[in-house]
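Engineer: Spelled out, the chains give:
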Amino acid sequence: MVQRLLTRSAGAAIALGLMSVAALAQDAEVAEVSTELPADGQFVLNTLLFLIGGFLVMWMAAGFAMLEAGMVRSKNVSMQCLKNIGLYSTAGLMYWIIGYNLMYEGVDGGWFGSPGPIGIPDPATEGGDYAVASDWFFQMVFCATTASIVSGTIAERMKLGPFLVFVVILTGILYPITGAWQWGEGWLYEMGFSDFAGSTIVHSVGGWAALTGALIVGARKGKYSEDGKVNALPGSSMPLATLGTFILWLGWFGFNGASQLAIGTIEDAASVATVFMNTNLAAAGGVIAAIILSQVIYKKVDLTFALNGALAGLVSITAEPLAPSPALAVAIGAVGGAIVVFAVPLLDKLKIDDVVGAIPVHLLAGIWGTLVVPLSNGDANFVTQIIGIVAIGAFTVVASGIVWLIIKAIMGLRVSEEEESLGLDKVEVGVEAYPEFASGAGRV
Amino acid sequence: MVQRLLTRSAGAAIALGLMSVAALAQDAEVAEVSTELPADGQFVLNTLLFLIGGFLVMWMAAGFAMLEAGMVRSKNVSMQCLKNIGLYSTAGLMYWIIGYNLMYEGVDGGWFGSPGPIGIPDPATEGGDYAVASDWFFQMVFCATTASIVSGTIAERMKLGPFLVFVVILTGILYPITGAWQWGEGWLYEMGFSDFAGSTIVHSVGGWAALTGALIVGARKGKYSEDGKVNALPGSSMPLATLGTFILWLGWFGFNGASQLAIGTIEDAASVATVFMNTNLAAAGGVIAAIILSQVIYKKVDLTFALNGALAGLVSITAEPLAPSPALAVAIGAVGGAIVVFAVPLLDKLKIDDVVGAIPVHLLAGIWGTLVVPLSNGDANFVTQIIGIVAIGAFTVVASGIVWLIIKAIMGLRVSEEEESLGLDKVEVGVEAYPEFASGAGRV
Amino acid sequence: MVQRLLTRSAGAAIALGLMSVAALAQDAEVAEVSTELPADGQFVLNTLLFLIGGFLVMWMAAGFAMLEAGMVRSKNVSMQCLKNIGLYSTAGLMYWIIGYNLMYEGVDGGWFGSPGPIGIPDPATEGGDYAVASDWFFQMVFCATTASIVSGTIAERMKLGPFLVFVVILTGILYPITGAWQWGEGWLYEMGFSDFAGSTIVHSVGGWAALTGALIVGARKGKYSEDGKVNALPGSSMPLATLGTFILWLGWFGFNGASQLAIGTIEDAASVATVFMNTNLAAAGGVIAAIILSQVIYKKVDLTFALNGALAGLVSITAEPLAPSPALAVAIGAVGGAIVVFAVPLLDKLKIDDVVGAIPVHLLAGIWGTLVVPLSNGDANFVTQIIGIVAIGAFTVVASGIVWLIIKAIMGLRVSEEEESLGLDKVEVGVEAYPEFASGAGRV
Amino acid sequence: MKIVMAIIKPFKLEEVRDALTALGVHGLTVTEVKGYGRQKGHTEIYRGAEYAVSFLPKIKVEVAVADDQVQGAIDAISQSARTGQIGDGKIFVIPLEKAVRIRTGETDSDAL
Amino acid sequence: MKIVMAIIKPFKLEEVRDALTALGVHGLTVTEVKGYGRQKGHTEIYRGAEYAVSFLPKIKVEVAVADDQVQGAIDAISQSARTGQIGDGKIFVIPLEKAVRIRTGETDSDAL
Amino acid sequence: MKIVMAIIKPFKLEEVRDALTALGVHGLTVTEVKGYGRQKGHTEIYRGAEYAVSFLPKIKVEVAVADDQVQGAIDAISQSARTGQIGDGKIFVIPLEKAVRIRTGETDSDAL
Ligand SMILES: Nc1ncnc2c1ncn2[C@@H]1O[C@H](COP(=O)(O)OP(=O)(O)O)[C@@H](O)[C@H]1O
Ligand SMILES: Nc1ncnc2c1ncn2[C@@H]1O[C@H](COP(=O)(O)OP(=O)(O)O)[C@@H](O)[C@H]1O
Ligand SMILES: Nc1ncnc2c1ncn2[C@@H]1O[C@H](COP(=O)(O)OP(=O)(O)O)[C@@H](O)[C@H]1O
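Protein chains in written order, with the numbering used here: chain A, 258 to 701; chain B, 258 to 701; chain C, 258 to 701; chain D, 37 to 148; chain E, 37 to 148; chain F, 37 to 148.
Same shape as in the complex, but just chain A:
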């Protein structure tokens, strides 16, 4: 702590200055020290970083809502909006009641912390490097992101109630536990796993939970014909899907940038800037790769692949957006985009019905991004990365699988066939998304 005061506070500058007053003007060493921000300034700026990053990631909740609203058929759009605002709210409560402390409070190299509501320290006496509430806010929106990933995959057939119950468990317990392993400085962190902003901790966890959900709830009626044919069920609004993607892209600067966790020094500020640059390069790489591949393979450029490509590029760079050179960042993102173009039809072959492509984007690109961290970050190694990916995947698959099955047994997960064909909006929401336009009845 003395050390910290010496290196950060103007007081230190004064002390040093007094020791060598005469030398001051000439001695660059000393002058350099004195250019630093005083500690309170660092506290303020770190807090500001969390708040800005936090509101940008909060905005991603709107991005998921719009992307999913655009990718489902019009008869399920109100429900998709409802699920998204509902899950963001649920996550916001659960992560306060239990999640944050379960993830961060006294994990100490172990498996989880102490569940329980977080209190806000009195601002007047608060110490530390940033405001605790700003950290809570920033971490909470990450938790909500995990749940957003799930809602897209299981869209158009799952009931609202069971979905929100799953979100309660996911955001209150499952995500915080695996989060504790790494960001709570649990066992995985101690082993040297590296996941800067959460390719695995957030995106793959959401992706795994989405995958188990998709397997357990089954495909949408009509998606796969008995003769093995895959039927396209185009989404209701491409501009909304595009808007959602741009929102997510914007939010990602908060997601990755503020995961530097500090911006009070030149080094931290420059790192945040580098993260912004690499994040954008990877997303651009993902889009261009998806556009080119989709033109080459299908002779048309599928807009939804380009959109998914952006997101896959973003997920891919999330595990390590700081260390890669720009060229490597582009390459990592481009592979993410390629994953989308190849994995979407593959999942369809396996009859895994993922309405918005969340599994390729968040799970597969998340694994990819986590795997390649050691290419640029010398502190990471492939073995530990694989251990982390597998451990978190195994836990999430098993735990979320059990939760899905219990909910299924108690409440049932999906609407009836007839309700599904009528659309969830009529059945559960009571408010059609576009009452004046769409018949809500099969497309001619």
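Calculated from the structure, these hints are not laboratory results.
Even glycine gets a Cβ: it sits at the ideal position worked out from N, Cα and C.
Some hints here could point you the wrong way.
Derived lysine-lysine pairs resembling DSS-like cross-links, with alpha carbons at most 30 Å apart [stated by the list, open to error]:
#	chain 1	residue 1	chain 2	residue 2
1	B	556	E	76
2	B	683	C	556
3	B	665	B	480
4	E	76	A	478
5	D	76	B	683
6	A	683	A	486
7	C	486	B	683
8	C	556	B	478
9	A	683	E	76
Residues on chain B that point at chain C, a partial pick, calculated with CB under 7 Å [said to hold, decoys possible]:
#	residue
10	322
11	334
12	383
13	391
Chain A is fixed; fit chains B, C, D, E and F with the ligands onto it per the hints.
Structural biologist: Chains B, C, D, E and F with the ligands only, in chain A's frame:
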């Protein structure tokens, strides 16, 4: 001012340091002082807070536009968009020409300041704790918010011209006057009224003006049958309404967070962070309360109640987002959400036709939020809170009522019955919102 | 550099302080110096300004996408979304591979810098006033904006491939070259040309490229009858166009505000605040002017003119958002709004088919804004402003004209008549924007 | 049997349906259509260019009725759809040779 | 020749088309319509106010066929569109006096 | 009287309307429909899955005319709607027994 320099500037630290050089390394007291940000840094950060908060609240103008565009029928969507961009622009001009100074310039415990255009001080000589222009910007977007509230309630039947004339008066005169009572440090402020970010000053004022407008312009044709039946007139686009709500939620972090008015010290930064946390908790509480109540009462979850619930939660916490514990913040917001579910049908029983639910959300939840400030803020008391609510309500009802009536007498407020059934877009805007889809003609 | 240390660092304050310890408490001069932010704090804040400004301008990419999606007919909406996400990604790659260095690296009063990929300095050793990566990010989004301008004008008839090839050249070579003349401190800069945030450098360049594109690709089928009649082809969604405009308006605070390039001192912070204020006033002036003129001339208020008016106001103030008084800012913006109302029909008379109005908004208002800089900025003069406008216009027209023609010769620019009437979505994208609603077939 | 096909103003649909229901007609089918007729459309201005909206939104009501109900249906529609303004619409009577209820296979008047 | 006009449930369209194609019918025209009939609509609640959605989405299929194909078309539609639930829809047979293929000018059965 | 019902390509609507107006036809009703016929639809690809869009957008024009105008209307439509390409559409002539103008109660040819 000397006092301020002593407590804020590094110069003070030096002075103190010189008095006890030897003690420096050991004396925590002194070291603490020296960790503070120099005054210019505080100026910069306070200004930055206003600018960030300001652009977030500016973004709420888009949120209102989208929410309202989604909640009106397609034949009135272009008009609603036009009213929203028009009112934001009008507010932006009026608050410069007259409003800001009327609200802040020399109120001194009185009833209003000196109207007149605000000039921008020369940056080179500007003093104070923040840039005046940043404060103007931040206050201006609050003023515009007040007008946004009105446009939603009186949608689908009021003409453009009279509406914009009302906005001229509201944003140039009415809002600044009641604003001066409190934020301009007028009589109400001196009495000890407490309204952190404007549950009453902004939201209730907008709500009262909307209520008088709704009463004077009357209900939409077809909304209430002669036999007393309430007819649902569902909005054109639920995803746009959802988008609008998310935009407003995002903007609210600027609305409440930057209302701390400073972020240059640890205390202020921590307070802003706490405000972010409580704001989100209250909104989440509002959503979940509205979802649960709407399921219990109607057996379906009305998406528009969930959306209104979020906003009501936000309005409720706006009067005091700093002092409440997280649990209290959730509770305050949840009651806000409940207000929506009960008040919307109640207003319909009273044949007050509020297209988007602005009266429950902004007026009623605004009153609720203002009333409960003393629960957590020891400096406030219930009597003064009630005096403030009643005084501001009475003034706004009377003044806006008079303005509505004068405009009605001179220009007329609403379109003809036939024009209303054709839709305002055809009649006044000339550009249909969705020329290729909606017939603009009654829904089958 | 010593000077900078003296005026910026706390160390300097100490040195000075020691020289006149006794005078400290009384001497305002000295106290003032000591209130400054240490250099690292300025680095951090300048970097933060670039990052915030950068993400706001990045968000403008979404604004263009939504504005254009709303202004084209539904059969071309997916394509418009695809072009927008594609161009932003292309710009993001090209400006890294070649553009940034071509624009900034060693221009030294000349015509262009040294093309080549930019590397990111190691944050640990990075010096300067801001992080290089943050500057790259901020400049890159400006470059992307230029390309966004083009996509709107040539919508609904140009193929995807040729368009993206043009964007490669525009963002990699053309924009960086004219950018180098001024912002890279090339010959025009040395001559004293003044363009604060790019009315000419960004908006007119985009506008010129759009104009040559429109001339070379020709008008949409059906836009102009042989008898000289102009046929309105109304856009698909006015709320999306409105959303896009609000997004652009929000982004413009980053565009103009962060173009102050620094926020570490009182002066810079106050300047950024003034820029925010003037930017908003000009946009408001543009909207109100367009509303009033459109009511007076056409007896109806065209929403799309109001939207374009906001943007024209913003473009107009972009060349000098700091120096004008508020009243002048309103006036400059209002003329921008008027330009839209008069120039849109004029272009139609000339059979220049500009789908979204980008030429009036970005080119003409850009010229206007650049021309009037000397009214408020004493360092600028009309002759140099005109030289800059003409030189950049001439270069961009010739160079982009050649590029368009070469691409036309090699790949062809537009789809066949039949494809155009079917819509680009069916032909090139394969995904209709609203598969459940719009027939995609002529409007009744 | 006949098909009585009426083109009416959209906001009259509820009244027309109620009038037909009162007659004992249990089913009908409606379509959103656009009508061109003596009723002038309106001119809109989009970005300075005038354009005529000559097709106006109308609702087409089709109802299959037994021969003895035809006049009743015509009268019911005429009265309920009339505003007296130009553009009130038309009623057309078209011969109907056969009707089948898909669910049961019932035919003709049993099927209506 | 006749026009066979069927009102069916939307999700049955593909089956109906396939059944007709199997009969040798090469063309048909479909329209999105709303139907009112014995099949009850549903009540929705919007912001606390109940409202009845009494018009349900249906698809109208119109197919012009030669006289000898009429019964075949009726049967094909009946079978393929039937769910046995209320609301399956109706088939109406309307006389058709003349048919013209615009492209070639062929008339009547050559035009179908 | 007859109802002349034509299924045409959407972008031909204006020409057809003008041709009919030139004949002295004062009213007509149009509907957006989807057509299935010899004209192949197209295959789209959505997220790697092919799907056939076999129903193409068409416009249905319905115009009630007196018997002596039928052939004129057919000719006018045929000429104005023809592109010579497959998918130009069909014209169907259906008997019309009665017409009523709702506003005035005029019937038959007075009502057209
Ligand atoms: N000859 C016709 N054939 C088909 N539809 C017609 C005919 N004449 C009129 N209509 C329909 O009736 C509607 C009303 O006709 P219009 O001439 O405007 O007024 P009115 O019903 O008062 O004579 C038109 O919009 C059109 O849909
Ligand atoms: N008399 C009628 N004239 C025109 N259309 C009808 C008539 N009766 C029914 N229909 C159409 O048939 C559909 C199905 O009819 P309905 O009475 O609901 O069930 P069902 O076909 O089982 O008798 C209705 O929605 C309506 O579109
Ligand atoms: N037998 C039919 N009954 C009803 N509509 C038909 C029939 N045959 C064709 N059509 C309509 O006419 C349109 C054009 O027919 P199509 O076979 O594609 O080309 P063509 O008109 O050149 O023969 C179809 O899309 C369909 O709407």
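Engineer: Each hint: holds or not?
Structural biologist: Hint-by-hint comparison with the structure:
For the suggested pair residue 556(B) and residue 76(E), the alpha carbons sit about 19 Å apart, so the restraint of at most 30 Å is met. At roughly 12 Å between alpha-carbon atoms, residue 683(B) and residue 556(C) fall within 30 Å of each other, so this suggested pair holds. The straight-line distance between the Cα atoms of residue 665(B) and residue 480(B) is roughly 22 Å, inside the 30 Å bound, and the hint therefore holds. The straight-line distance between the Cα atoms of residue 76(E) and residue 478(A) is roughly 24 Å, inside the 30 Å bound, and the hint therefore holds.
Between residue 76(D) and residue 683(B) the CA atoms are separated by roughly 14 Å; this keeps the pair inside 30 Å, and the hint holds. Only pairs whose Cα atoms come within 30 Å are accepted, and residue 683(A) paired with residue 486(A) is accepted, the gap being roughly 28 Å. Of the pairs offered as hints, the one joining residue 486(C) and residue 683(B) holds, with about 22 Å between alpha carbons and a cut-off of 30 Å not exceeded. A distance of roughly 25 Å separates the Cα atoms of residue 556(C) and residue 478(B); the hinted pair therefore holds under the 30 Å criterion.
At roughly 14 Å between alpha-carbon atoms, residue 683(A) and residue 76(E) fall within 30 Å of each other, so this suggested pair holds. Satisfaction of the interface hint for residue 322(B) is found here, the shortest Cβ-Cβ separation to chain C being roughly 6 Å, below the 7 Å cut-off. With a least beta-carbon distance of about 6 Å to chain C, the hint placing residue 334(B) at the interface is held under the 7 Å criterion. Look at residue 383(B): its Cβ gets to within about 5 Å of chain C, closer than 7 Å, so that hint holds up.
The closest approach between the C-beta of residue 391(B) and any C-beta of chain C is roughly 4 Å, which is under the 7 Å cut-off, so the hint is satisfied.
In this structure, every one of the numbered hints holds.
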